[in-house]
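Since the structure of chain X is already known, use the hints to place chains L, A and S on it.
Taken in order, these protein sequences are the chains called X, L, A and S.
Residue numbers for the first sequence follow this note's numbering, so the first one is 905 and each next one is one higher.
Residue numbers for the second sequence follow this note's numbering, so the first one is 905 and each next one is one higher.
Residue numbers for the third sequence follow this note's numbering, so the first one is 905 and each next one is one higher.
Residue numbers for the fourth sequence follow this note's numbering, so the first one is 905 and each next one is one higher.
If you are wondering where the hints come from, they were derived from the structure by calculation, not from laboratory data.
One or more hints might be untrue.
[What the hints assert, rightly or not] One side only, chain X facing chain L, incomplete, derived with CB under 8 angstroms:
#	residue
1	Gly1177
2	Val1186
3	Ser1189
[Unchecked claim] Residues from chain L that keep clear of chain X, each with C-beta distances beyond 12 angstroms, as calculated:
#	residue
4	Glu953
5	Asp995
6	Pro998
7	Arg1156
8	Pro1176
9	Ala1184
10	Val1227
11	Thr1242
[What the hints assert, rightly or not] Far from chain A, by Cβ distances over 12 angstroms, these chain L residues were calculated:
#	residue
12	Ile931
13	Ala954
14	Asp966
15	Ala1021
16	Ala1087
17	Asp1096
18	Ser1108
19	Ser1146
20	Arg1169
21	Gln1174
22	Arg1187
23	Leu1208
24	Thr1213
25	Arg1215
26	Glu1233
The beta carbon of each residue, even a glycine, is placed where N, CA and C say it ideally should be.
4 protein chains.
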Amino acid sequence: MRRPNDVARNEGRPLPASPTTPSPVRIQMIEDSQPPATPQLAELYSDFEASMMVPLWTQIADLMPASPASRARAHLWRWSSLLRLAERAGDLVPVGRGGERRAMALANPGLGGRPFATPTLWAAVQYLMPGEVAPEHRHTQHAFRFVIEGEGVWTLVNGDPVAMRRGDFLPQAGWNWHSHHNATTTPMAWLDGLDIPFVHATESGFFEFGPEDVDTTATPARSRSERLWGHPGLVPVSAAVSVPSTPLFVYRWERTDAALDDQLRLEDEQHPGVLEKGHAAVRFSNPSTGGDVLPTIRAEFHRLRPDATTRTRREVGSSVWQVFQGRGEIRVGDEPWTVERGDLFVVP
Amino acid sequence: MRRPNDVARNEGRPLPASPTTPSPVRIQMIEDSQPPATPQLAELYSDFEASMMVPLWTQIADLMPASPASRARAHLWRWSSLLRLAERAGDLVPVGRGGERRAMALANPGLGGRPFATPTLWAAVQYLMPGEVAPEHRHTQHAFRFVIEGEGVWTLVNGDPVAMRRGDFLPQAGWNWHSHHNATTTPMAWLDGLDIPFVHATESGFFEFGPEDVDTTATPARSRSERLWGHPGLVPVSAAVSVPSTPLFVYRWERTDAALDDQLRLEDEQHPGVLEKGHAAVRFSNPSTGGDVLPTIRAEFHRLRPDATTRTRREVGSSVWQVFQGRGEIRVGDEPWTVERGDLFVVP
Amino acid sequence: MRRPNDVARNEGRPLPASPTTPSPVRIQMIEDSQPPATPQLAELYSDFEASMMVPLWTQIADLMPASPASRARAHLWRWSSLLRLAERAGDLVPVGRGGERRAMALANPGLGGRPFATPTLWAAVQYLMPGEVAPEHRHTQHAFRFVIEGEGVWTLVNGDPVAMRRGDFLPQAGWNWHSHHNATTTPMAWLDGLDIPFVHATESGFFEFGPEDVDTTATPARSRSERLWGHPGLVPVSAAVSVPSTPLFVYRWERTDAALDDQLRLEDEQHPGVLEKGHAAVRFSNPSTGGDVLPTIRAEFHRLRPDATTRTRREVGSSVWQVFQGRGEIRVGDEPWTVERGDLFVVP
Amino acid sequence: MRRPNDVARNEGRPLPASPTTPSPVRIQMIEDSQPPATPQLAELYSDFEASMMVPLWTQIADLMPASPASRARAHLWRWSSLLRLAERAGDLVPVGRGGERRAMALANPGLGGRPFATPTLWAAVQYLMPGEVAPEHRHTQHAFRFVIEGEGVWTLVNGDPVAMRRGDFLPQAGWNWHSHHNATTTPMAWLDGLDIPFVHATESGFFEFGPEDVDTTATPARSRSERLWGHPGLVPVSAAVSVPSTPLFVYRWERTDAALDDQLRLEDEQHPGVLEKGHAAVRFSNPSTGGDVLPTIRAEFHRLRPDATTRTRREVGSSVWQVFQGRGEIRVGDEPWTVERGDLFVVP
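Bound-form chain X, shown alone (with noise of 0.2 angstroms):
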């Protein structure tokens, strides 16, 4: 190695990380790695610690796995349970400024406690009783809501008022403005899906804060988005530009059942349509661009016939699924689970 002159000058001693706050790097040695263990390298490792270097053939097998083991487990809640949890801060948490939402996540017990359903989804509960608001925030986290009972919430979406029903999916985009309030007197709960482990690894998160209180309480049946974009294969003409997050923002139940009901009656026809025998599925989409709803999430919908049995698969995506209606067994790994509605499960 050709080392020019003026380089030479530090060699004789590494520089360390700082003067004054000790070296995070903590090197093991391996008794059955490489090197034997001799007091050089014992001398190596402690001044890779001090000049803040980790060699690779110490980590290599936790970092460069032969395939995926993720950290991740299948894990099972019990909607049930989940519910029974929310109902009980519902009554001792208060809603506003600062806490911003009354959410309890899904924390995966292979992630250390920490609130990750799984290495980038974030999956929580989220529950406003009557008359609440949840006050106005936006932040460059992606996010759905998906409603597996109840109704009388509204989300405003850049002051657009979205009813939430049960079966409705409503996707929405990072950066938009939003709310919700309860505009009943029956408390409400829905899923709240975001990417926050994946903008958390990749530490691309901003946040802002908007009003505590609402715009508008209006309860309109049908929000503006879905006025200009619900309708199947028509897109205004004053916007029709490809935009990479879904401009419509509430999938409407009725319009999911059918599809899927739609896909089982061509199957009963004999014709294409179904994923597989007696298994329906429709992905939502963002109807300016045909693609994914989100840029970091994919969203799909799954019905089974009675007794169809899906073939196993092998995914490299980790997901999240809750059980809309029925009862079914379900195999993750070596997990079986009798599931019921509300279920949520997480496939690592």
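Relative to the frame of chain X, chains L, A and S by itself:
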């Protein structure tokens, strides 16, 4: 100019286009053009002709105009007249293999009597008598049908029967098998739009005959394509791939009507949506991409409030318009027309 | 057909195309076509003509052929002949404003004497005498130049002087200002390729004059575009945006030669690279997208080893080929030709 | 909240995460947070922990900061120190199967001692002794090598030997087989860059071992990939397809040097090209797309004139910089450093 020896031997005489046929090239000497009309120039031009060459300087005004002065002209066809002619053709001209369709094309007065509505678009009235079948074929030309009135014909697209009813728009990408059959006791007429002139100019047309009779005379109210692709923002997971032409074979009038109505109501409530004051417009789009329904044809539906006036537009592409309902004043260039239901006009 | 009352009143008479001018539509009755040639049919056809309508059934064979039987024909032009004619034009025809260029276009024998090499491509020999200037203009037509021999002309593209030398390929997107000037004491000829026929058919041409004289007579060996974009795989951060046409204004012969040579050497070493046995080929590409250099024109350079034979191809697009060096046998359809340096031929 | 009967039976007790293992969830009561710290709240939090749930309101400050306050810190590593440590590792640590590479990664002081230069990037010094072979493997992580000094190692990428020399940049998409061998009598060090932290966070890593020895010890001056893809604007017709990662395996210093030099000369002549005054910059790009060389890593080379000062930038993405030659002052946040050849620093 350095000219190597090995190509010098042909210099004496230009190679004739063909020993036996005269050249089709004819070069005019233009008085006020640059070179003076000398005998030498005449001889050069004669040799150009024999050599199948044309100088730019005699053609540039036609070939490279300052702006596209379309040969096509603004023109209006009255639906009542077209329909009367179509009815007479119904009496005199059978439908079947060879002629393929009882379609009568609009011939733009500026395009030399060719059946081209504009330099790139074909528009024709097609007419089908009770019980008749227009036999199956396919072609690379992209097509759509638009139903100005009537119902009772089913178009079979790759075996999928698609009902045609007033207000429906039926795009159909090139190379799909298709036929029509009239399942009623009354005739039916509709508008056929194709890119025949474009394909003709680029010489990219292929055509293939199918069976003379239809596979099925089933008359379902909804086609299979609607059941798979007609749900807003929902794409079948079994087929979730981008395709260049729309997989949805019909855009129903009820949906288009509702979308246009929604835009005008949003305007009533002072929200964005309309294209301009009193002017709602939707674009028919491919749900798998969000883009245009066909690679070569853009299709839109516009609605004007009573007394609304659109701003004057200048466009480069050519277009064909048909009045769906109501009555109005149109001005194209210097042509002012009062148009009503069914009337067709060309903007060159 | 249900016809509402309000459009019934016009039924009696079709609206004439215009009261004063005769219709250009002429419909032929074809003996072996479907409808028998009755007086009623003749009257219908006459009314079609008056109404500017053309039935599909008399035109379908021409409009929708089973496969594109191009009107264009395979044809060969000898470079030696073209050059001799160009030299004579150099003596007789000045270059300047109005005629714009001393360019002589190849007229395909199948295209009626029009200056079109194929239905979509223009190919012309341009010839510039010592000291001459072809004045600045711009147009929406996309263009390229290819230098079969000689050197000494600079093309100014938006003020950037680009030297032209044997083997160089100079693409130039529509709407760039450009002019040429010959800085030497010998004439120079080259091939101009444009999409004039395509733009003519789609009526999308705009054209604008610039100054009659060139901005600069500088004769640098390398253009500014080469300095910014001519480094393989390196794009300037100041301009790193995808543009639809190449920002590199010239592809030098030395580079093309080396690339083709490299492919043949890879073949010698039994590695992939050549298109087929003994046949190297490169495509000129837009470094900002990796795609074709121009939206409407694909350009490639092919090299065959001595005695190599390419497989027979059938293509849909039309092409123009020029022999850069060597001598060979070409077969297009039934036409066998012996071609040599500079010869041009069309594959329709 | 309407709760149907059939899910009521589980209400009494939340389902524990697992009967035998304690939950990893730990919820802190925060004094100045919204809900008062009552026994009821403590019990709720305890039940949250048992149920694998985490409330948003205790975590939001960390999870959703107003702007990304990266855990990573600006940090500087001296090349001279790194090289000295690498040399000592050369003496003590063998290279071979298992450890795979003698690579020493930069550990950002803010990332807890993990071998991550930034939250998404890995940067390591790799060191190979005379005659050594780093055995073949492949992984989904994307990688590049950059040579700060020395030469004599060949990287075999899918069997293609690529010479490594000072200034060369060698990107290598995930899942390509690769190995290194030192064909000289002197050691060689270089910089390895990978997206290991990103792949780790998204758990998308696969890894596979190849043979322990190299297929070939050939030491050609040019790789096959350069011969196919290293010609500016020329793509092989045999392979002209867009691929997401660059098919060109090395960007030679001579080319980068010339491109940067050209930009500064254009600036001398007052033409556009540089990024800002005195600051030339090129981006390494994929010749098949014009886009970034790798899906997850952007790579650029910058050159500053003596005494040039760049404007202050604020960026969201993280980056690692290495000084190729010269000496200068750098300020990252509040850190002012004098840097010289080889020094590496992180901008978080």
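The hints, checked one at a time:
For X/Gly1177, the suggested interface contact is upheld, since its CB lies about 5 angstroms from the closest CB of chain L, less than 8 angstroms. The interface hint given for X/Val1186 is met, as the beta carbon of that residue sits about 4 angstroms from the closest beta carbon of chain L, less than 8 angstroms. Contact between X/Ser1189 and chain L, as hinted, is supported at the beta carbon level, the nearest pair being about 5 angstroms apart and thus within 8 angstroms. No Cβ of chain X approaches the Cβ of L/Glu953 within 12 angstroms, the least distance being about 50 angstroms, so the stated non-interface status holds.
With a least CB separation of 38 angstroms from chain X, L/Asp995 remains clear of the 12 angstroms interface cut-off, as annotated. Here L/Pro998 stays apart from chain X, with its beta-carbon at least about 33 angstroms from theirs, past the 12 angstroms limit. Here L/Arg1156 does not stay apart from chain X, with its beta-carbon only about 9 angstroms from theirs, under the 12 angstroms limit. Annotated as non-interface, L/Pro1176 brings its C-beta within 12 angstroms of a C-beta of chain X; the closest such distance is 7 angstroms.
With 12 angstroms as the threshold on Cβ separation, the claim that L/Ala1184 sits away from chain X is violated: the shortest Cβ distance comes to roughly 8 angstroms. With 12 angstroms as the threshold on Cβ separation, the claim that L/Val1227 sits away from chain X holds: the shortest Cβ distance comes to roughly 18 angstroms. Chain X leaves L/Thr1242 outside its interface by the beta-carbon criterion, the shortest separation being 25 angstroms against a cut-off of 12 angstroms. Taking the minimum C-beta to C-beta distance to chain A, about 9 angstroms, the non-interface status of L/Ile931 is violated against the 12 angstroms cut.
The claim that L/Ala954 is not at the interface with chain A is violated, since a C-beta of that chain comes within 12 angstroms of its own (minimum 10 angstroms). Distance to chain A contradicts L/Asp966 as a non-interface residue, since its nearest Cβ pair spans about 8 angstroms, not more than 12 angstroms. Once the 12 angstroms rule is applied to beta carbons, L/Ala1021 is inconsistent with being away from chain A; the minimum gap is 10 angstroms. Distance check on L/Ala1087: its Cβ is at least 14 angstroms (rounded) from any Cβ of chain A, clearing the 12 angstroms threshold; non-interface status holds.
Not every beta carbon of chain A lies more than 12 angstroms from that of L/Asp1096, the smallest distance being close to 9 angstroms; the non-interface claim is violated. With a least beta-carbon separation of about 6 angstroms from chain A, L/Ser1108 fails to lie farther than 12 angstroms from that chain, contradicting its non-interface assignment. With a cut of 12 angstroms on Cβ distances, L/Ser1146 stays outside the contact zone with chain A, its closest approach being about 18 angstroms. Its beta-carbon lying about 27 angstroms from the closest one in chain A, L/Arg1169 satisfies the requirement of being farther than 12 angstroms from that chain.
Every CB of chain A is more than 12 angstroms from the CB of L/Gln1174 (nearest about 35 angstroms), matching its label as outside the interface. Remark: the non-interface label on L/Arg1187 is consistent with the geometry, its nearest Cβ contact in chain A lying 21 angstroms away (cut-off 12 angstroms). The Cβ of L/Leu1208 lies farther than 12 angstroms from every Cβ of chain A, with a closest approach of about 19 angstroms, so its non-interface assignment holds. Listed as a non-interface residue, L/Thr1213 keeps its Cβ farther than 12 angstroms from every Cβ of chain A; the least gap is roughly 23 angstroms.
Residue placement check: L/Arg1215 keeps its beta carbon more than 12 angstroms from all beta carbons of chain A (closest about 22 angstroms). No Cβ of chain A approaches the Cβ of L/Glu1233 within 12 angstroms, the least distance being about 17 angstroms, so the stated non-interface status holds.
Hint compliance for this structure: hints 7, 8, 9, 12, 13, 14, 15, 17 and 18 are broken, all remaining hints hold.
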